[in-house]
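Q: Here's the letter readout for the chains.
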Amino acid sequence: MAAVQDGQLNLEVEKDIKTEITNDGSGNINASSSSPGSTSSGGKSKSPAGSGEDQQTLLAVLQFLKRNKLTESVDILRREAGLSADADDSPVSESAGAGSGGVPSVGADGGDANSLLSRVSIATPVAPPATAPPKVVAASGGEDQPDVNVVLSAYSQQGDPVLYPLYYNGLKKFIESVLDCHRAELSQVFYPLFVHMYLELVYNNHENEAKQFFEKFSGDQECYYEEDLRILSSMSKKEHMKGNETMLDFRTSKFVLRISRDSYQLLKRHLQERQNNQIWNIIQEHLYIDIFDGMPRSKSQIDAMSGSLAGEGKRDANKAKVFYGLLKEPEIEVPLDDEDEEAENEEGKPKKKKPKKDSMGSKSKKQDPNAPQQTRIPLPELKDSDKLDKIMNMKEATKKIRLGPDNLPSICFYSFLNAYQGLTAVDFTDDSSLIAGGFADSTVRVWSVTPKKLRRVKSAADLSNIDKESDDVLERIMDEKTASESKILYGHSGPVYGISFSPDRNYLLSSSEDGTVRLWSLQTFTCLVGYKGHNYPVWDTQFSPYGYYFISGGHDRVARLWATDHYQPLRMFAGHLADITCTRFHPNSNYVATGSADRTIRLWDVLTGNCVRILTGHKGPIHSLAFSPNGKFMASGATDGRVLLWDVGHGLMVGELKGHTDTIYALKFSRDGEILASGSMDNTVKLWDTLKAFDDVELDDFTAATGHIHLPENSQELLLGTYMTKSTPVIHLHFTRRNLLLAAGAYNP
Amino acid sequence: MAEERRPKQCTVVLPTESMKAMAESIGVGQLQEESCAALSEEVSYRIKEIAQDALKFMHHGKRRKLTTSDIDHALKLKNVEPLYGFQSQEFIPFRFASGGGRELHFYEEKEVDLSDIINTPLPRVPLDVSLKAHWLSIEGVQPAIPENPPPAPKEQQKAESTEPLKVVKPGQEEEGSIQKGQGAISAEAKGKKEGLMRMKPRSTHELSVEQQLYYKEITEACVGSCEAKRAEALQSIATDPGLYQMLPRFSTFISEGVRVNVVQNNLALLIYLMRMVKALMDNPTLYLEKYLHELIPAVVTCIVSKQLCLRPDVDNHWALRDFAARLMAQSCKTFSTTTNNIQSRITKTFTKSWLDEKTQWTTRYGCIAGLSELGPDVIKTLILPRLTVEGARIKAVSEGPVVSNIDKIGADHVQSLLLKHCASVIAKTRPLPDNMEQYRADYGYLGPTLCSHVVKARAQAALQAQQVNRTTLTITQPRPTLTVSQSGIGGSGGSRSPSIIKVPSSLTLMSTRPGTPTQPSPPATKYIVMATSAGASSTQQVITLSSSSGSSVTSTVASATSTLQPLVKLESRGAGGLGGSRPLQKYIVVSLPTSASSSLESKSGMLPPSSSSTSPISLEAGMKMDRSDSPGASTQSPH
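As you go down the protein sequences, you meet chains A and B in turn.
Per the UniProt record's numbering, the very first residue in the first sequence carries number 1; after that it's consecutive.
Per the UniProt record's numbering, the very first residue in the second sequence carries number 1; after that it's consecutive.
Hints are computed from structural coordinates only; laboratory data are not their basis.
This structure is a prediction, so every number in the text was calculated from the model and none was measured.
Incorrect hints may have been included.
[Unchecked claim] Among the chain B residues that face chain A by a calculated CB cut under 7 Å, a handful are:
hint, residue
1, 45
2, 48
3, 119
4, 123
5, 127
6, 130
7, 137
8, 145
9, 149
10, 282
11, 382
[Stated by the list, open to error] Just so you have them, the derived chain B footprint on chain A, three or more residues with Cβ under 8 Å:
hint, segment
12, 234–244
13, 289–298
14, 399–410
15, 414–420
16, 444–458
17, 494–507
Cβ atoms here follow ideal geometry from the backbone N, Cα and C, with glycine treated the same way.
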């Protein structure tokens, strides 16, 4: 079994290399077939019939030799490989069966052998039968359609199409008959099996059989795969498979299942008893079975974690250590002589302020053990204005309302009127003084929500006239004539899907359908840079909490990390199997989370560029992500209307919040993290008690190690409030520094 | 494991017929059947692929509706040239056609005359995006302000009142608890979620201080002397979403008010109260079923009461009866169910007092009005059979010895009422020809007059059939005018006449109304006459209009109202003209207000009092006015 594991562990790239190697091997055999024995044995003896794939290769070689009447070498090879005669016979008998079952056009024997070879040698199935040297075939095939065919050719293995439903049904019967505790686990096999069998049928031009197969069994699949099934169902011809992204996803990435050892043994035994090679091959080739020791999981446990395009995240994908702690705040002298505060409220204030100050001081002095090193990634220097802002922030923080179940935040709703359904993105500045909207008509608009109007810096000519030594030079450089409540930024040539203010409020980022991310200056209200790199729509972008860096992700499935002063990305995070729909920085700026239409969330290390977490469990494309302020937890919302809570350190799902009925576009933790606000397309803002949610989860070592979490069904208890708007989908949420919740959306008459 | 059978997904393929049609459209003649089949599969697949991509754009556009631009973007993803010329905010209306054994759906491309486009004034620039902030919640409690949805949605109110004993489902439970949270402390609301067996959330009717103030203000304004304030108050009642809590108060206020004022014969106050009822019924967030026991008696009183005013011979209490009858009909339509049987009970009440010999003319009028508003079926079964008897009675009054002036007026009103309602019904049901003698035989004294009315009604129906009738679209749209129009018009009819309220006394006003609502055609014919003589003087108008409005009206106010009425007509006609049936007519109708403005004080200030030479300009202005409404209606249709 361990050998199987090892064989499966290889990543996709490695696998390609391996096929090439085996290809060489078979070429050698072919060339030296006149002088049998020595070379082939040298090539093959090292890998006895351990991994299924090698075995397949061997069988193919054997068959080729046999057909060319090279019985001697067959015998030698068989001896060397330690294969029994009946193992060899099985595919032959199968091919005979296929012949009698009526495989069209090609002779049964030739067709089968050819297909098996093509699997090994990266040849297109239409290649001439094995009389031509396979190497040449490989070369020509490679020139034609290098990638897709490599990928697709694995499907050319065929059995009798008529038997597919029988195989599937047989397995279904078996799984239904096993003990309850195993049934749920083994049922996971159905979906990937169904997909791959269907694709095999389609690939081998058994259109009608494929259709029937689909109709017969698609109803059995879990409802959360419906989207994929719809895509699958539209694919009814081999030609369709070329260039279909979803298809490639199914093929290039192994579907990951977590199954307990007992259940797996059960399945394996069954399949071997039944000689059910078809299914076994699929399991070997297209599935990655992550076996664990211990109790089989329950249905609800499985359902909680499954649903992504490529199965669950592998356990070892979430093993890497994540430094989720916060960076130490730089020490800034807070001026204590704030008279205005004193004037505001005399009594009670000094007493309260003392402990506050202390706690803050202690927090900044002690280094969080889970925090990354301060200099793990280079961060921009603090400017004077940043320090001022920090001081303001702290002052505001002292006035912050402590939220809790008995102390719910007030919600101020900013409705965009007359937006004609064109509002696609919204962001607030951290100090809640500005609000920006991205629109479907390619514009970006910035509003000031404070009485302070937006002003532009004077032109260069005017600037030279200013007395640069004066104290209020910052005031003087602003052009009073341009003061207005809102400004429009023109530059994109497609809907603006992502928007983000820089923490210092000097810049604004916007990402658009036109494939660019643009950096705007909020001093001059002009575009500074257009970052080109994504060639497809960029769905989301966000500034790092420390500024300077930003992340973007889009339809090309790659998230890119940029620095504002580089026109090329610093990091490219590749690994998602579908569009990256949302991107978020970890509060310590060392990590980046991306949510995707493949229904997974990945956490990437900014320093190394590695993917350190793969979180599965959503049943629809993820449209919102939020980190808790302490960096320990994450919340994610998807089109399925559920909010999932994650423990970033352990890589575990720790909560599920049900209640929304439509896509969740906005998530935000309150400033202290006690309350999570979620905003959805269903026109509601909901508040959730996250303190309780995180408390309720008992994280012992076992669950932490295995990741089998029992989710308490407590959404209703955690829900603190539902606030319905009249007809305004909520697309952004923001907590002010005093814990007032701001929400935004476009009124939709 | 299998949750529910999903619809079969893989079978949907475009028909080969479409392939043929498309091939022909680009000049490929004989397409083989196999190629068609192959093509259709391929095309279906590609279309599905594109649709799936387009869906992504919809999701990221934060919309629920797939738009044409989404498709364009999806095509762009695939490196395909987008489809130009299909830009549309709303759906594209596909037309269906069949013939020669083929069925086609196609997008109608109208031929556009460039000069038309150049000459029509530019549509109004759409409003710019703006930001508006409001409190969605204050410390966990959602304030009842117009920006927020009503605390108890109408469905819930309906569910509560119609099925009071239903076990509250979890979904409703949630809403109930929120509502409770508003009244009480939010912490209390949170703790009580676990009671699936709870029968029904107890609704508290304690009013907050703000609500009490509001109630006071509104009721005072509604019955006060300032008409502008009243209009505002009524608008508030008709639109405010947060009135649910105050409903019992309002209903009691109205019923008590009617009781007192009927005794005192205070016609004006009764009218104000009825307008309040109307406003309450217009409010889309309120469900009045629970309060009908108070409202219906009040309304019925206003319909059939013997005396509603101090001077029955002069005051126009008839209009109040009409108005209240329309309210009654509306509430029958909305609230009548098999359990409460409102309609049949009301019908019985009316019929009983109508059949009574000793009933006064006023009550008689009210009964007939109430019945006839209930619809043509009621008229046919209950009123038509009694026309002969009623005719005889009227004859006795009008031709017999003079009993009293009041009786005579009453008989006159009953007669015109009967003629108006019966004529339209007879016109629809009775076969041609309209023989005067035959009518006399069938309907007695009223026969001959009825006959002429029927003939008129038929002519008008024929005229209506010719025109594309799109009046409702534009007229229901503008909200400010809508609320103002509450005075005279029962909501049952499609067309509402805005700006009637400007006239000081709403009483006389309402009497002109009968001509307008559902069957506007006698005036319509007259307009065409005026159309041919474009420079029609204002006096001419007044004459034609007042004659069309049927009932006799005091003349001084009539001139004012009639100048307003063409304006109304005008809008509807302009909208009809947009349909394209007769552009000529459109212009003429629009030109009406200019002539009106030259003679009377202009209603719309922008039109300069001018000679006929400047009229084309003002004409355009008028056009713009009514056009600017319709794009608004299509792009941002209200609620």
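Q: What are the numbers of the hints the structure violates, in ascending order?
A: 3, 4, 8, 10, 11, 13
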